[in-house]
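Asker: Chains A and B, in that order, are what the protein sequence lines are. My numbering applies: residue 1 is where the first sequence begins, and numbers increase by one. My numbering applies: residue 301 is where the second sequence begins, and numbers increase by one.
Hint data in this document are derived by calculation from the structure and do not stem from the laboratory. Keep in mind that this is a model prediction, so the values were computed, not measured. Take the hints with a grain of salt, since some may be wrong.
Claimed, not checked - In the DSS-like style, the derived pairs of lysine-lysine whose C-alpha atoms are separated by at most 25 Å in a straight line are:
no.: 1; chain 1: B; residue 1: K505; chain 2: A; residue 2: K202
no.: 2; chain 1: A; residue 1: K290; chain 2: A; residue 2: K167
no.: 3; chain 1: A; residue 1: K146; chain 2: A; residue 2: K223
no.: 4; chain 1: A; residue 1: K60; chain 2: B; residue 2: K606
no.: 5; chain 1: A; residue 1: K65; chain 2: B; residue 2: K505
no.: 6; chain 1: B; residue 1: K524; chain 2: A; residue 2: K61
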Amino acid sequence: MNVMDKLASSEELVSPGISACVGCNVELSLRTVLRVLGPDTILAIPPGCMGGVGVVGWDKKSGCKIPVFFPLLDNTASMLAGIKLHYERVGRPVNVVAFAGDGATVDAGFQCLSGAAERGDRIIYICYDNEGYMNTGYQRSGSTTKGAWTSTTPVSGGGRGGKKQHKKDFPMIMAMHDIPYMATANPAFIPDMVKKVEKAMKVSEGLAYIHIYNPCITGWGIKAEESIETARIAVESNFAPLYEMENGRFRINRKPKNPVPVREFLKKCKKFSHLSEEEIAELQRITDEKWNRLKGLCAL
Amino acid sequence: MPKIEVMNGNKAAAVGAALSRPGIIAAYPITPQTPLVEYLTQFCADGIIDSTMSEVESELSAMSVLTGASLAGSRTFTATSSQGLSLMYEPYFRASTLRLPVVMAIANREMISPQTLWGGPQDALTVRDAGWLQIYVEDNQEILDMMIQAFRIAEDKRVLLPINICYDGFYLSHMAEKVVIPDQEEVDAFLPPYRPEHILLDPEKPMAVDPLTNGYLLTEYRYKHMQAQQNALTVIEEIDREFAERFGRSHGGLVEAYRCDDCDAIMVTMGSMTGAAREAVDAARDDGKKIGLLKIRTVRPFPKNKVFELLKGVKAFGVVDRNVSFGWNTGIVYQEIRASLYQNNTVIPSVPFVGGLGGEDLTMEHFLVAIDGIYHAAASGDYEPATQWLNKEV
């Protein structure tokens with residue numbers, strides 16, 4: 001069965017009525033991921049977009065057909081570790097999964113996630129990286145790209161400003177924890193995402209981490225109809241490459257023959273519209289450098 | 301047959317916790333609680349207990365792992381002190397509002413600054429309004445016994461709240477004394493396994509835990525949580541009596557009244573200081589003073605009616621606090637006692653004492669000074685005396 005048939009025949013586990021923005025590719029990612037994980041799953045949705053749009057629920061209504069809860073912003077991985085330890089004690093195979101934004105992952109939740117990775121807690125941690133605190137109106141996070149406008153890295157009338165620092169290379173940070181499985185994913189490459197979730201489900205000796213790059217329509221200023229296209233260019237420009245690390249071996253999953261310039265990705269997003277030629281060149285330089293480093297890791 | 305062993309308070313806590321068969325333990329070491337964590341990891345390594353131990357990277361994760369484990373249905377245990385308790389405040393508050401019967405020992409330690417690591421209940425008293433039950437104990441036997449009782453109290457369907465068993469750092473945590481260790485079978489008969497029905501994360505019974513909740517529903521949560529705290533007043537005493545019947549030891553339930561039947565004034569204490577205070581009361585009695593001693597055991601729920609009944613007829617009382625309440629210029633227990641007396645127009649002269657901060661000794665001499673102060677207040681009718689500092693040089 002091909003991936004699309006498999007997805008079509010699997011059960012939809014998120015309520016149809018959640019209130020994500022038009023064109024939101026995080027909602028698409030979540031629905032895809034849960035179709036693969038299936039009903040024997042316990043899901044943590046820390047505060048962030050997917051919590052805000054109602055995936056956990058409102059009052060007495062649940063947003064999911066599986067057990068779902070809000071962890072705190074900073075303790076997702078630890079709460080999941082406790083749940084998994086219980087199910088291991090009673091001998092029941094249950095997927096214990098986080099679907100967390102970048103703020104809850106690379107910033108506030110990093111300590112708990114790093115601890116769980118080091119201890120080898122057998123959870124699946126999925127980060128949807130939309131580069132900021134989008135649910136509270138787009139403030140900067142440690143995962144926001146250098147130069148980007150956010151509500152806390154404003155740009156002056158003269159076009160100066162934006163974030164001064166580049167984003168944490170978080171997939172690499174997780175890979176360097178020597179976890180059994182780490183992968184990046186992207187909503188423009190659904191078959192690749194499905195394969196990676198399936199691999200994460202097979203990991204039995206430690207934490208599996210998947211980092212999904214999710215350009216945000218509302219926060220970044222992207223046309224809703226270009227949601228998937230923008231995500232695709234992030235891969236085709238090597239800005240957010242698709243790769244994985246399995247038991248220490250790195251592999252690039254998509255090598256663009258003729259990478260498009262990073263400029264093509266940046267110009268899809270209003271948050272980069274003020275960037276000077278020098279700043280665009282700097283992001284191209286960072287992209288090339290990281291790509292070369294990744295290729296080097298794959299050659300090892 | 302029960303065994304007798306000389307052990308420090310941390311070991312008493314570890315043995316009590318072990319006898320209670322927790323499914324999952326998560327703890328992070330901090331002075332003066334550290335040996336407790338080491339005992340438990342050793343028990344696990346030696347196969348003495350069948351618990352799963354999570355060696356977490358911080359107290360934030362200790363409470364978070366247990367929150368998850370308890371939500372999934374395990375019995376859970378942890379322990380901490382001072383800064384560790386502060387670090388876990390966010391999941392600490394939430395363990396109670398999720399109604400999870402987590403048991404946590406606190407080897408009470410003073411809060412910084414200045415840098416300090418000696419005993420005192422400032423850590424736990426500061427978070428008394430976070431919804432947990434808090435019981436403060438006096439000696440190592442009580443530590444062990446209360447660990448076992450704590451699970452019964454917390455898991456009682458009328459309560460379903462997390463609980464702290466608090467004991468003074470170093471004074472109890474590192475001091476060795478004789479402790480009776482009950483038989484495992486007797487503990488098993490007293491403490492059945494935990495079977496959650498009120499909240500559970502299980503794919504076979506999908507449940508959304510903590511959807512975004514409006515104020516009208518949250519109010520219902522708070523109302524029931526407050527009721528559970530009040531129910532605990534009964535449950536704690538019931539379980540103390542049942543424990544006494546099975547194991548031959550009662551620790552007094554909510555409060556312990558010593559020589560209060562014929563007293564005309566009362567000194568109030570809490571925790572390990574009470575031993576010296578009892579000696580001082582005996583000495584003052586020999587001196588002709590009709591002083592009694594009231595030891596507070598439960599701070600949450602606060603036994604306000606018991607306190608009122610004991611204090612309403614006395615000429616004066618004083619409270620010795622090993623902690624402070626900034627902004628009130630007294631200790632915390634003093635305020636709780638004062639608030640309990642605001643019934644039936646009761647106005648009694650009283651003295652707030654603060655002493656033993658940062659682990660300073662509170663000796664018999666300090667309590668004799670306090671007793672004199674209480675009788676001075678009785679004679680002068682002073683209703684609003686300034687706090688008397690027992691260890692202050694100037």
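Asker: Each hint: holds or not?
Answerer: Hints, one by one, checked against the model:
| no. | hint | verdict |
| --- | --- | --- |
| 1 | K505(B) x K202(A) | holds, 24 Å |
| 2 | K290(A) x K167(A) | holds, 12 Å |
| 3 | K146(A) x K223(A) | holds, 21 Å |
| 4 | K60(A) x K606(B) | violated, 39 Å |
| 5 | K65(A) x K505(B) | holds, 10 Å |
| 6 | K524(B) x K61(A) | holds, 20 Å |
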